[in-house]
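Residue numbers (our numbering), protein chains in the order written: chain A, 4 to 402; chain B, 4 to 402; chain C, 4 to 402; chain D, 4 to 402.
Source of the hints: derived by calculation from the structure; they are not laboratory data.
Every value quoted in this text rests on a predicted model; they were computed, and no experiment measured them.
Be careful, since some hints might not be right.
[To be verified] Cross-link-like lysine-lysine pairs, in silico, DSS-like; alpha carbons within 30 Å at most:
1. C:K30 / B:K10
2. B:K124 / D:K402
3. C:K151 / A:K53
4. C:K402 / A:K396
5. D:K34 / B:K402
6. A:K124 / C:K151
7. D:K396 / B:K124
8. A:K30 / A:K53
9. D:K258 / D:K34
10. A:K399 / C:K138
[What the hints assert, rightly or not] Over 12 Å on every C-beta distance to chain D, these chain A residues come out as not near it, computed from the model:
11. A17
12. H36
13. P61
14. E69
15. D94
16. L140
17. S186
18. G195
19. L227
20. K267
21. T275
22. I279
23. I304
24. E357
25. Y363
All residues carry an ideal CB built from backbone N, CA and C; glycine is no exception.
4 protein chains.
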Amino acid sequence: MTRTDPKTLTSALAALEQRVGPLDRIKQRIKRHHIETPSWAYGDSGTRFKVFRQPGVPRNPFEKMEDAAAVHTLTGVAPSVAIHIPWDKVDDFGKLSEYANQLGVRIGAINPNLFQDDEYKLGSLTNESAAVRRKALDHLIECIEIGKTVKSDIQSLWFADGTNFAGQDNLRERKRRFEQGLSAVYDHLPEGGRMLIEYKFFEPAFYHTDIGDWGMSYVLCQRLGQRAQVLVDLGHHPLGSNIEHIVAFLIDEGKMGGFHFNNKKYADDDLTVGSINPFELFLIYNELVAAEDDPALRPNIAYMIDQSHNEKPKIEAMIQSVMNCQTAYARALLVDRAALTQAQQNGDIIGAEEVLQEAYQTDVRPLLAQVRLDMGIDPDPILAFRASGYLEKVQKERK
Amino acid sequence: MTRTDPKTLTSALAALEQRVGPLDRIKQRIKRHHIETPSWAYGDSGTRFKVFRQPGVPRNPFEKMEDAAAVHTLTGVAPSVAIHIPWDKVDDFGKLSEYANQLGVRIGAINPNLFQDDEYKLGSLTNESAAVRRKALDHLIECIEIGKTVKSDIQSLWFADGTNFAGQDNLRERKRRFEQGLSAVYDHLPEGGRMLIEYKFFEPAFYHTDIGDWGMSYVLCQRLGQRAQVLVDLGHHPLGSNIEHIVAFLIDEGKMGGFHFNNKKYADDDLTVGSINPFELFLIYNELVAAEDDPALRPNIAYMIDQSHNEKPKIEAMIQSVMNCQTAYARALLVDRAALTQAQQNGDIIGAEEVLQEAYQTDVRPLLAQVRLDMGIDPDPILAFRASGYLEKVQKERK
Amino acid sequence: MTRTDPKTLTSALAALEQRVGPLDRIKQRIKRHHIETPSWAYGDSGTRFKVFRQPGVPRNPFEKMEDAAAVHTLTGVAPSVAIHIPWDKVDDFGKLSEYANQLGVRIGAINPNLFQDDEYKLGSLTNESAAVRRKALDHLIECIEIGKTVKSDIQSLWFADGTNFAGQDNLRERKRRFEQGLSAVYDHLPEGGRMLIEYKFFEPAFYHTDIGDWGMSYVLCQRLGQRAQVLVDLGHHPLGSNIEHIVAFLIDEGKMGGFHFNNKKYADDDLTVGSINPFELFLIYNELVAAEDDPALRPNIAYMIDQSHNEKPKIEAMIQSVMNCQTAYARALLVDRAALTQAQQNGDIIGAEEVLQEAYQTDVRPLLAQVRLDMGIDPDPILAFRASGYLEKVQKERK
Amino acid sequence: MTRTDPKTLTSALAALEQRVGPLDRIKQRIKRHHIETPSWAYGDSGTRFKVFRQPGVPRNPFEKMEDAAAVHTLTGVAPSVAIHIPWDKVDDFGKLSEYANQLGVRIGAINPNLFQDDEYKLGSLTNESAAVRRKALDHLIECIEIGKTVKSDIQSLWFADGTNFAGQDNLRERKRRFEQGLSAVYDHLPEGGRMLIEYKFFEPAFYHTDIGDWGMSYVLCQRLGQRAQVLVDLGHHPLGSNIEHIVAFLIDEGKMGGFHFNNKKYADDDLTVGSINPFELFLIYNELVAAEDDPALRPNIAYMIDQSHNEKPKIEAMIQSVMNCQTAYARALLVDRAALTQAQQNGDIIGAEEVLQEAYQTDVRPLLAQVRLDMGIDPDPILAFRASGYLEKVQKERK
């Protein structure tokens, strides 16, 4: 990694400005584009084959807030932290929330866990057993209560429910149990609270997953009401899926609720967002910027990272991820939308493509460096982190 | 292929009856399970690399009806023929319909074509140009009129609309044009008419397809009204998709309108239904039979074949396809649903799976042979066709 | 599950014999077709999200042998047990081997583990560090020594080696380190010992896997020598792969060493072999039987199950898996190869396909039941296991 | 598209030079990196659903050379043209070759066609019929003769051979016929001639393809000899395949013979190279540059485009494609290989990744513009083409 050179920064920005016009509004939008990091990304995780433990990982939710705050301090745009219940369960959520605030961050989406109890082996809200369904429902309601305490307005729901073998359970019955359970949860949502429902193509269920694609999530949300929206995890689609199309479609339906950002080459690989196909991430952001620019739409989208790094150092990986999102967003902001529309209306396929490429191929690193300098932070967050001594410090403290 | 041996038939059926109980109702259901064949399967078709022309293929829609009638005569369960406009355009559709009736078949679903005119290069109902959209709309309305003439109650709509490159067109604008266009079509549907909307993962569009999955088709249908339903083509999904789950989901939503049967190993390969994964076909039928058995549901599903054979002789391939559907349906009828429910309620995964396997592994060829004998037709339709001299005859006549 | 009815068995077999000729040779081949079960399938395992622990699972390698012996006792065709080092490490392998023999089974393939030590985080034989490579090599040589002790002639090598991100390591350097390491291992193989090298498309590495497909495994084996052969795990291919083609190709090259049987719908799902696409399993067996029938070939293939059940009861699942292999093998034995060749030579695609279907659609359960009765075991192994009280007994004993 | 601004060019290049050092050697390498365009890309082509004909497409091989020459004139790096026999068959190949030379280009790889004759329906070199195999062989030998006449040293072989249905043919027999046929072809190769063997996952065969992956191609090449090498078409892999890994592997084996460049999102979509995942193209080029930099290797790789555009204007699309390759190559040349190696040796995954990103995110458009100016051509080839009047001219001439 190379340090930003302050001398070349000014000329690079001047050149950019000359090409695309004044950068102020773009810089403002970049500063306001917040990315939520997940508490679980700071702890150990891995594959089914092995969890490689890293020294210095947080021993409790408070320490996770510290790491998240470190990421926010260095990037300036990661002010909230998603939590996972019961992994982040504490006696006093008010205290956790207050601690976060003291560190300069706040608690974001609440993520219930309905897949790690033995009773959920054959399903949570879809379980044949009314008792298990009740238990799952109680947990979901508990999470809403926690949300109230920590002033979170998002419940982020992922269900591992599904089956491994043909015949294992009745697909339509399970759907109905899901509808019933979710409806009961929805009734508990506080004023202004939202419920985001995630879908996933497969894993950990390997024959069918009850909410297997965006359509199933959409149908459930549609039935529940306006405050239920779809959560798009970039790693939860079949290979080849055109995710930006799904995103555009959901935006148009008012059902695009939020993202779990990561990247994949094969399955739900949970790799660094933008690491496998950065052009795809740009195209997704291109739809988001187009929606932001459309006065008829008022998309309210939660941008959250959901990654689990087994090999990369966790805090650095999170800084890098936030930066990758910024890179894609900055490029999408540079798209000349009038020229794009013009080319589209002319049926000029190559012209339209090249409008996107002109934005995508622009080196936005100077722009992002300047935004950081404007915010009073280091233009090179990863290098700054390496120089900060933070990791060495927590490695000593957290045994 | 081996001829059915009448001597062993009785004992085989007796053994089956002993195992699963009286077969009368099952036999009746098999007789009533009709599969529609498509006119275009009788003509030449192929891949983008080569169309291998077969001697004797029909020269006009009337001759296609003859071939379809031959399939119906030999199988007893293929009484209707889907047509494709303009491929099957004739001056007098009343005459075509009457000719079909004389041959013992009738015209089924009407399939408009919105992908072979130069003007549709950048879309039909989604085209930037209002004139092209109008043209597409007129064609769709024309097809509804043809449907009235030939007493067809199904419009089967597949759109090739999509783009090949990022930026080529505005995804949300295209969606809205689609909604508008389809709504205008829906308004023209006659009393009792249905409109089935097909989706497809990709091809011929290779970046995005406007109706790319069942969810997009569902949303459009939902907005249009009750008489718009989803058409499931088995070859139009990403690899790994659990199609029986989608089918169960759509049935539960009252939106399962019909099938285009075929099979695939890779993409939209349009291979013989049941040839690559017959167990998957059985599982799809298993959901259909379960829905038929459920008094709370009244599924009204059109079973249609959509295949294009480049190498197999076309009429034989169609007979084989109809038989493969019957095989899957017969096996699904043998599923012991009470035992299945019992195992599911016990959480007995292996037990539930084995209930399905007991039906699937049953050799239903004697049962189907007997059904054919009951209907007065040859128990071995392919062999009967080979012996009939039909192909030799049309090869001489159709030059 | 239904009990085999002895009264109908005789007539079913008579009917089958009438159709396909004397069954003696087929029955003999079924009896001799041995399937190895893996010690690790008897212990707890799961997904990265959750391991559902089952009461009664073995507490040590000796108890795993007991469970494997139970499977062999009930199926009659699972006389060997693959072991995994260090999971199955014991002080005295001679004693373990002897214990197995007393139970009526023996130790089969040795599976080294090169993915669960912290040092292997960035690779084992491919690691940048010579010390780590040495450690990996030592472990592989240790496993060869264990193999000598327990009289196993197969080393079954799977490497998790790969990277998660572009640039993480030098792909060509890693290949060369692999060649070097494997060559050193090969030199330690005893007379008559074989080394089977497995490949995998992805997981746990998500950017590149050093031995990512059969071709890479083949090239390595080719360079090593005759006693290095490819191991095909059915779950380790991209979706859509024609596995039977790969198998036929490897057989023709003399490089088909063995199988890890399981089934997948999506990724390396490790589901019960034959549970997702039983026709594919039949087609694989069809190539195996064709090779057995070919006097010019002398395939020496190890048939091993590699599954990890998280939900199904483990012993039952293993019995079911062995039976599924038998079903596929029995069907493949029924293929009329002369008729198949005839149809192929005539270019009769449908005829050839139907020759396979005639075998595939045959209900081979009576045949397999009779084979078991001939061997003095219960015709319904799963029911027999359920009735045996074995599970209840070990659940009490193994706390 | 925006015109290159000569005023900013100098400062942009100075800034780049400041960052990465002197650009001369890089510029030289870019100038010498030649991309071959295919004659068939200039003619009409399409999907199985529709070929959209474009006015002005060449009416004969001579006119194809003119279009290819136009691409070379504008890009400066596309001096050779692959031809396809019999599509480009002319009475006098000497004359065609001479005409090409006069236009400033030359004939490159010869591509035989073994899939458009009715006799190849069931295979070419793999056909059951010795007569058909002989015909295929004769065609291949004819192409070698043509190659001698036009001084081409590459035979680029793609076979559509495969089957659509299980059982259709004997997989091992077909492999042996292939080996035999290819061996006979190889014997005819002239001194210095190379034979590149392409593989393809599927299409137009939908059950099995005889040369289905790089491994099968490799084994055939290995057996033939040094002058047989593998041809990698970027669109011929299963989704998710790590192509750069395959490329690195083949380079290490001395078997990487050439590329067919294009891009895909789903199947063999034949889209513009670099249009779907430009980062992947960069990673492939990264391996190529690393190999060029390695004194121990002497890769001799043919860089050829193989695309078939149905919607984009053909000449523009080809210019764009050549430029996309240049972009990827230029970025790969900027990779700081010493820093990359250092990061890899330190196990610094993020550091290594960022070395690649620093090159990839660099805006290389000024560099490429300068290279073009140095070569005396317009820095903006597509705009130059649009301004040239070439298309209007040929549209008038070619009716």
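Against the structure, the hints:
1. C:K30 / B:K10: Holds, at roughly 25 Å.
2. B:K124 / D:K402: Since the Cα atoms of B:K124 and D:K402 sit roughly 21 Å apart, the hinted pair holds (cutoff 30 Å).
3. C:K151 / A:K53: 29 Å, holds
4. C:K402 / A:K396: 43 Å, violated
5. D:K34 / B:K402: Between D:K34 and B:K402 the Cα gap is close to 58 Å, so the pair fails against 30 Å, i.e. violated.
6. A:K124 / C:K151: Measuring from Cα to Cα gives roughly 41 Å; hence the hint is violated.
7. D:K396 / B:K124: At roughly 24 Å apart (the allowed maximum being 30 Å), B:K124 and D:K396 satisfy the hint.
8. A:K30 / A:K53: Outside the cut-off at roughly 42 Å; violated.
9. D:K258 / D:K34: Holds: D:K258 and D:K34 sit about 25 Å apart, inside 30 Å.
10. A:K399 / C:K138: Given that 30 Å is the threshold and the Cα spacing comes to 29 Å, the pair holds.
11. A17: 9 Å, violated
12. H36: 19 Å, holds
13. P61: 20 Å, holds
14. E69: Correct as stated: the minimum Cβ-Cβ distance to chain D is 21 Å, above 12 Å.
15. D94: 36 Å, holds
16. L140: The claim stands: A:L140 keeps its Cβ more than 12 Å from every Cβ of chain D (closest is about 38 Å).
17. S186: 37 Å, holds
18. G195: 38 Å, holds
19. L227: 33 Å, holds
20. K267: 9 Å, violated
21. T275: Its Cβ does come within 12 Å of chain D, the nearest being 8 Å, so this is violated.
22. I279: 8 Å, violated
23. I304: Non-interface label on A:I304 holds, nearest chain D Cβ at 24 Å vs cutoff 12 Å.
24. E357: Violated, because the least Cβ-Cβ distance between A:E357 and chain D comes to about 5 Å, which does not exceed 12 Å.
25. Y363: Label violated. Min Cβ-Cβ 8 Å, cutoff 12 Å.
Hint compliance for this structure: hints 4, 5, 6, 8, 11, 20, 21, 22, 24, 25 are broken, all remaining hints hold.
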